[in-house]
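Number of protein chains: 2
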Amino acid sequence: MKYFADIQVGDTIDVGRHTFNADEIKAFARRFDPQLFHLDEVAAERSHFGALCASGWHTAAVWMRLMVEYQRSEDDARRARGEPVAALGPSPGFRELKWLKPVYVGDTITYSTEVIETRASSSWLDWGLMTIRNAGINQNGEPVISFISVAFVERRERTA
Amino acid sequence: MKYFADIQVGDTIDVGRHTFNADEIKAFARRFDPQLFHLDEVAAERSHFGALCASGWHTAAVWMRLMVEYQRSEDDARRARGEPVAALGPSPGFRELKWLKPVYVGDTITYSTEVIETRASSSWLDWGLMTIRNAGINQNGEPVISFISVAFVERRERTA
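Sequence lines, in order, name chains C and G.
Here the first sequence stands for residues 1 to 160, where the numbers follow my numbering.
Here the second sequence stands for residues 1 to 160, where the numbers follow my numbering.
Just to be clear, a hint being listed does not mean it is correct.
Same chains, same label: a pair holds when it works inside one copy or across any pair of copies.
[Said to hold, decoys possible] Here are the simulated lysine-lysine pairs, BS3-like style, with alpha carbons at most 30 Å apart:
1) K2 to K26
2) K2 to K98
3) K101 to K2
Derived by calculation from the structure, the hints in this document are not laboratory data.
Sequences and hints are given; from them, build the entire structure.
Right under this line is the structure:
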């Protein structure tokens, strides 16, 4: 992770991409969202979705994994260059999550992120707050998910 | 599901409860949130969380499963009483998700939901929009997650 001071509004990240297959869609749904249109092709055809599609929580959770992997590889690259690595703190949450289109079997979702706000905190002197807008777009260029999340990022030095 | 007309602001649901164990916390984290404090007890002790805890996405996904199971058992009970069952449509998303406290190994989270708004739609004549506030509270009475979600609920009859 960059230090808080090095993060700018407008910074963008190509987080990664993922192709959803039927087995993983069903496996996630069995554990966390056992609705028929996420579990069974025939039932899904008869549903308002028209075909088997991923739980919206699955689409969001894949973003999380890709984001963790992205940060890890960025941190590894920083260490390899001899640069310091800032800590990423806990996320207090997110807002305005929208499932804009279903994610069907075989869809490839490309996730990207843009920094939309940075804010110092008067109560957390070691940390700054970064607000990012996250988007997932399918192979036809259609947005399928968007949400805004907030995370604490370590400051290089306290501003007392 | 009740029909839209039968849902009132202030209605509450006891969605269910779940105790998080270390194996499932790690299994979710390996697939969707492979940060060390969700994967490894020793690393978690050294982290800002102080002990192994669940991914926030895991805490949210368990709500989804309990909600699906709750709706299914309610629908079964309605059918057993010979009552009609309304359809629950897709969710356009949710907002203001807050992870308020970590969920540690052995914590039992009780999820509840309150209807905070009902709204007819002029463009979706078969459906009404229901807004619900969802909360998860641990065994000490401390809130660990809260969010507001929106869902389409079938109307008994169109209002043209």
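Consistency of the hints with the structure:
| no. | hint | verdict |
| --- | --- | --- |
| 1 | K2 to K26 | between (37 Å within a copy, 27 Å between copies) |
| 2 | K2 to K98 | both (28 Å within a copy, 24 Å between copies) |
| 3 | K101 to K2 | between (33 Å within a copy, 26 Å between copies) |
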